[in-house]
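J.: So the chains spell out like this:
Number of protein chains: 4
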Amino acid sequence: MTSPTSRSAIIEADGGCLNSPASRPLQRYQSIRSWTETLCDPLIAEDYVVQSMPDASPAKWHLAHTTWFFETLLLVPHLPGYRPLESQYKVLFNSYYNTLGEQFTRSQRGLLSRPSVAEVIDYRHHVDQHMQALLADLGESPQGEILALLEVGLNHEQQHQELMLTDLKHMFSLNPLHPVYRPYSAAPSEAIAELAWHGFEENLHWIGTPVESSFDDSNADDSIAADSNAADSNFAYDNEGPRHRVFVEAFRIASRLITNGEYLEFMADDGYGRHELWLSDGWATVQEHGWRAPLYWRQEEDGWKSHTLGGLRPIHPEEPVCHVSLYEADAFARWKGARLPSEAEWEVAVAQLLGPGAAVGETADDANFVEDGFYHPRPLAAEATHGQFLGDVWEWTASAYSSYPGYRPPAGPLGEYNSKFMNNQTILRGGSCATPRSHIRSTYRNFFPPHIRWQFSGIRLAQDGMGR
Amino acid sequence: MTSPTSRSAIIEADGGCLNSPASRPLQRYQSIRSWTETLCDPLIAEDYVVQSMPDASPAKWHLAHTTWFFETLLLVPHLPGYRPLESQYKVLFNSYYNTLGEQFTRSQRGLLSRPSVAEVIDYRHHVDQHMQALLADLGESPQGEILALLEVGLNHEQQHQELMLTDLKHMFSLNPLHPVYRPYSAAPSEAIAELAWHGFEENLHWIGTPVESSFDDSNADDSIAADSNAADSNFAYDNEGPRHRVFVEAFRIASRLITNGEYLEFMADDGYGRHELWLSDGWATVQEHGWRAPLYWRQEEDGWKSHTLGGLRPIHPEEPVCHVSLYEADAFARWKGARLPSEAEWEVAVAQLLGPGAAVGETADDANFVEDGFYHPRPLAAEATHGQFLGDVWEWTASAYSSYPGYRPPAGPLGEYNSKFMNNQTILRGGSCATPRSHIRSTYRNFFPPHIRWQFSGIRLAQDGMGR
Amino acid sequence: MTSPTSRSAIIEADGGCLNSPASRPLQRYQSIRSWTETLCDPLIAEDYVVQSMPDASPAKWHLAHTTWFFETLLLVPHLPGYRPLESQYKVLFNSYYNTLGEQFTRSQRGLLSRPSVAEVIDYRHHVDQHMQALLADLGESPQGEILALLEVGLNHEQQHQELMLTDLKHMFSLNPLHPVYRPYSAAPSEAIAELAWHGFEENLHWIGTPVESSFDDSNADDSIAADSNAADSNFAYDNEGPRHRVFVEAFRIASRLITNGEYLEFMADDGYGRHELWLSDGWATVQEHGWRAPLYWRQEEDGWKSHTLGGLRPIHPEEPVCHVSLYEADAFARWKGARLPSEAEWEVAVAQLLGPGAAVGETADDANFVEDGFYHPRPLAAEATHGQFLGDVWEWTASAYSSYPGYRPPAGPLGEYNSKFMNNQTILRGGSCATPRSHIRSTYRNFFPPHIRWQFSGIRLAQDGMGR
Amino acid sequence: MTSPTSRSAIIEADGGCLNSPASRPLQRYQSIRSWTETLCDPLIAEDYVVQSMPDASPAKWHLAHTTWFFETLLLVPHLPGYRPLESQYKVLFNSYYNTLGEQFTRSQRGLLSRPSVAEVIDYRHHVDQHMQALLADLGESPQGEILALLEVGLNHEQQHQELMLTDLKHMFSLNPLHPVYRPYSAAPSEAIAELAWHGFEENLHWIGTPVESSFDDSNADDSIAADSNAADSNFAYDNEGPRHRVFVEAFRIASRLITNGEYLEFMADDGYGRHELWLSDGWATVQEHGWRAPLYWRQEEDGWKSHTLGGLRPIHPEEPVCHVSLYEADAFARWKGARLPSEAEWEVAVAQLLGPGAAVGETADDANFVEDGFYHPRPLAAEATHGQFLGDVWEWTASAYSSYPGYRPPAGPLGEYNSKFMNNQTILRGGSCATPRSHIRSTYRNFFPPHIRWQFSGIRLAQDGMGR
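Protein chains in written order, with our numbering: chain L, 294 to 761; chain U, 294 to 761; chain C, 294 to 761; chain E, 294 to 761.
There's no promise every hint is true.
Copies of the same chain look alike in the list, so a pair counts if it works inside one copy or between any two.
[Said to hold, decoys possible] Simulated pairs of lysine-lysine, DSSO-like, Cα-Cα distance not exceeding 27 Å:
{"#": "1", "residue 1": "LYS713", "residue 2": "LYS629"}
{"#": "2", "residue 1": "LYS383", "residue 2": "LYS598"}
{"#": "3", "residue 1": "LYS629", "residue 2": "LYS383"}
{"#": "4", "residue 1": "LYS383", "residue 2": "LYS713"}
{"#": "5", "residue 1": "LYS598", "residue 2": "LYS713"}
{"#": "6", "residue 1": "LYS629", "residue 2": "LYS598"}
I should point out that these hints are in silico values taken from the structure, not numbers from a laboratory.
Bound conformation, chain L alone (with noise of 0.2 Å):
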């Protein structure tokens, strides 16, 4: 875990079969899992232990909680003889899964230097072990329920490999010594095309996933175990259901994000400053936090700067703006004469312009994703055909996190994993450049609540309208 890892060497390690939809379970599983340990690669022990604000969780944290999420949903249940490694971590690792018991305090996660990384490492080998014990041999096991688990709780590894590295960076961030994670080299940017509109006709549409949610117990039936090795690229999570119609005006959505150099624009106009571009709650939380550019910039004599996953870099007006809240998306919005689309209209768009097929993480070639080793936004290149919608950042939507309609939450402790966050949040779509590739998928649903920035979240305008 010290020495630094090339790209090359990520690519390798992963084996090629994070893009194989015909990856065996097993070879899936070890594949995730050490990518996880892969990115913690430039850390060192003291890094893993701090929780730099209540929103995120140490390193540490991160590394043990996947790990007992596998333990508790496949290994007790379903290994015979099965014996948790340390009977505590029930409680320590437990996140949020009142189904599961009681959990140690959020907000004190950072407060626990023992288990050690060491101990953390040896629980997860230790449950390595068993989880290939129990998909070397499935038996008589159901196995349509096991490997549905199974995919719940890698998709749940990938989520949290992006938690940790937004949460490496906070903490970061707030190190007058500006740390760096990897050192950033990409090419010097270049000139990116002007912003147009794709415009789309009213209309009923489909949206949501057609997939019968692999994510419901009491939906895994052993038939879905025939065509395991495709279980991967059919996974959806229970909130992407049921496909339903909605009825969508008329609208256009820009062909690319907004980039740094836009929002300086905004910035240099007052933009932080002019109450009636601003949500009633954005604009308190604007007075009350000072905010007057994203997180993580910083006025120097020199210039407008930010902290990386490189370290303190200039701001390059090509990139993508990231790290702004809900509300200066909107605010920006309204400052640009657009608004946010809605999570409808952007589902349509890419639906209609990366093609069902080509709208998963897998298939964007030219997408910005973790695997990419950037760990941060990039401009959009000349030939690019993605337009930006997977990978980079992820993209704010007008849409308030609610249940589609028909929806019902799974049964058992994962009918906590998505339903009851339905309040208070709000939709982002696409991806970003922290999330890895096999994760993301057009009828994707993030959430986070609207004042947050930490997250990889910027801007795409949508206006009414079809336009010319």
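Model the placement of chains U, C and E on the given structure of chain L, informed by the hints.
T.: Frame of chain L, contents of chains U, C and E only:
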């Protein structure tokens, strides 16, 4: 302001004009303004001063703020030579209109013993006299704009009539002397009908107001003035439009509100203690505040009682449950195997059940509005036809407050009236026993944060599918 | 309660008995009680309701709490057949006496519009009538105990007379309308004498009251009653004794209070910006609240002004500085190369300078107390002899509030009067322009936390050594 | 830093010089500095990072801050050509010295994973090498001043040795895994002597240090250097002087500390539930935090246990009670019909009982200090003569922390060391089981706010009068 007022006296004072769409603007102005003061009859000077929580305002402030609204939006710009009575009121009684300048700190409204109640009443009369002058002879004024603004001002005053009552109720609830606003003397509750379901097939519907908003200055032209008598019945807030299409899956909606008796069953079944019934933020709120019953309920030796505007009264099982948060409404619905309706479902149902013409407060003869003098929700009478959709209690929906497709906020200060709150709020529909009858229509969108309970807010259930 | 009262009227109402040590108990009771109501003359009903901060109380509460004190400590135990007017008042108007049961939450005293002012006045009269009965015919009652409790009750009432004024001043200060309690019409300030020093040699001194505390029930015997006329002049609180020896090193003490003019020099010399002048907690407080001047000061275009009970007035350089915290007093002293006196130094100095007999408010004829009607500290008159040790402003000392050697708290509820606060508080000495003249003596120990500023608190300097 | 260290090894490492007044400055420097690192032996890297509450600091921070102290006060001004290792450390490791510039926010010390532990150790060694150079050849340096500063730095380091232990204990106490700092293996507790009283007649006493403080630069002259070997035994902090007279009434003081067994009786007698035993702020604190026992105590099925540096251990009735606040100490004393001693009483008693020469830690052979390796207070051995006045637990006094008569803070940064905290703090005396033996003397004044409990703080009683 000290003599109690019987309901007949109120109706007389009202001159019948609240129910008359043909009322002349000035009459209508006088009628609504004097009703505000009628509502103050039971108060003593001390009652006008207190702000019992930051969400509430002193009665004195409501009286002055609504007056400020007319002064600022109508008299200052449109009555030549008008001078504000006291220059400090511009700041003191501005609620949240940044466009109109600074505001006295909201949470400190209860720290001001001056101006006195008498001075505030003087302020009201000063503005009333000048409004009379303005309305008596519109002369060469832009009549359409003035009448449009008048209508907004009157609807605004009606909103504050309701808020004044809910704020007084909250203040009295904190007083161990149990002050009574007005004694409650209703006939004993009758047994009420079983809860039944109205089913609706999936369909594409139009919802929202057909009225071109009279709210926006830029839309106001003098042609509206030509039919000024009808202005009030045609009024709608900006957020109720544009009229637009939504696809609504098949659903059914309950034939009446949930009663205290039904809610007591939820409580008896440990509804407040079962995490699986609650949204995450709701569960946290329940823990933080130790909620175990609706607001104002207290368990005494001889059973549950509730603080009401008629004093402390035993809970009547037949009465609609009231003063619950969205979280409680949602948890109750989940416990009952149901859910809350979306605002589109609610509006579709009301339009079909009551008929588009009937779905306004003024025609819902047997609905329980503020003029009925109960100030408390009533059991559904056996012979009633309105199904409690209007009046009694505001009904929490499952819909977050957001703009309708194609919505654009009005220019000027009224742009702040509704649109900047489209965030972190939940829609409630239908009006309450504290709402003026002429204020409500089926397209009316009320909104509050999901945790609030001091409004008269209750529960109506919905389910997927038509049933049967 | 609405007509303004001239100073002569006040003195007449007082019947001279405040200054008469020979007053009979009932006369004294009536005189002090009616003075409380006289102080309310300038108020309207709304003014009685507000609690402007948790440290302050509504005027209504002061009126009722002092009444509750007589009811609870005298009438209930000693007047046969007495019944409290309203059972809830036992809790509502108990301040902090755990011995006497539950208390209504202190910070919510301003949320109670009822009982009305009129009802509180009725409560006062109800108790006054019964006190009259009790005092008119002590019969076989334990006279010593009753007269001792009476004396405590009257001193308690006087303390609340002062607090009521400081609380009203604070409330009015938050109101942009600048309400005036009573117009201030003093002669123009005169130039005042240079600050000189009184030196004292090192010595062992007796300090504290020689009075066997009439405060403690267990000390009260009827022999005291035999000389009841003198009761008032002999009274001292429990915390003023026992009389005991302290060794005081040589010191000198300033001949007058620090003036606004001198304090302005401190401000001009960046006194609030120089950390080295401040105690650590003081510096933190200055940063947290952004203090830049005493409480109630505001800088306007035409210079510094101060909110007073006479309205907003320009700062007069000759007047004693007022409404400073201990932190400011201490920082000022450090800036001046001096320090604050210990309470022993203060008491030793006053005893020697004014003489033991003269060191009580009643004999300090030219000191500025509440009956003088200024409600504001006055410049030291050239001919004055008292050196402002009594009246004008409370003088912060360097002494933490603690018990004198051999002190034992009284048994019963009065044990809570003073002793439980001997922690985290600082001693102030000498009384203020809001203190009743008959309330003060040289052994009197007032105490407040070091950060408070809403009392009439000012600065007197001391230094090590006799000087010269 | 990983191998456990036996007590003999510690003493050896110490080279005996901690106990030797004849130690040369460099030896003394090396001995005390290396002892800090010895105390870290049981830690892993993760343990150094956490800040478990704002009052505590990460171990890493203690290691660096004490180093910064030498760098800033000695090397930068006195070692020609010295350059700080890393410029950011000036701010990062400044605790509260405004004179020395900005400080990193105290409450965020636990958010810094970097510098790593290894880097902090490098920093220590860097400074140690330069200190060696400075001390090895004082040459023409102002020896007196340097040696005086050295002594302050070493005493400062010793204070942080104790704080590091108390902070680690607090951090481990929050961890459900109950980490052990060092296993505790004491002989079983013996029965201890009855509590007796030492009586003292009323008298005028001298208290405070006779040492002309070596703390103040302006007092330092080279003549002190002439006897530099004795520097350590003569050291006193500025706040321990000037020596001065106090008149102390007759009193008696307990012959030993209060034990757990005695404290359990207080608890069993509802000590935490009886308001009359508590100071007002204490009672509020008890309610707010729900205190029912000393810090670190927990009631389990098989009795009360306590978190210690040796892990979770059963409560031993014979051991001194520890980790109580002043409020608890005061309430206990009141319950026992006693009181806490004033700091003058404590010092007078110790000087007479132990003898002026013996009243320093280095001569109290059987007192329990940190070098004894228990890290926990011990029952008073039957044959012990010191009465636990030194070591075991800090003893709360009844005295607020204030300056002695004639005290003047030193010029420069050291003026901030003690004097700016003379407010809102209470004096504790005598040192604890976590204090270095050579750090304590009878005039030593420790101070903490009255509510804190994480220091090793306990109870000694006193009473008025000599007793029989």
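J.: For the identical chains here, do LYS713 and LYS629 meet the 27 Å Cα criterion within one copy, between copies, both, or neither?
T.: between (35 Å within a copy, 17 Å between copies)
J.: Under a CA distance limit of 27 Å, which applies to LYS629 and LYS383: within one copy, between copies, both, or neither?
T.: Neither, since 50 Å and 32 Å both go past 27 Å.
J.: Measure nothing new, just compare the shortest in-copy and cross-copy C-alpha distances for LYS629 and LYS598 to 27 Å and report within, between, both or neither.
T.: Classified as within: same-chain Cα gap 24 Å, cross-chain 46 Å, threshold 27 Å.
J.: Is it within, between, both, or neither for LYS598 and LYS713, if the alpha carbons may be no more than 27 Å apart?
T.: Result: close neither inside a copy nor across copies, 38 Å intra and 31 Å inter.
J.: Classify it for me, LYS383 with LYS598: is the Cα-Cα distance of at most 27 Å met within a copy, between copies, both or neither?
T.: between (42 Å within a copy, 23 Å between copies)
J.: Given identical chains, is LYS383 near LYS713, meaning Cα to Cα at most 27 Å, within a copy, between copies, both, or neither?
T.: The answer is within: 21 Å in one copy meets 27 Å, while 44 Å across copies does not.
The structure does not agree with the numbered hints 3 and 5 stated previously, though it agrees with the rest.
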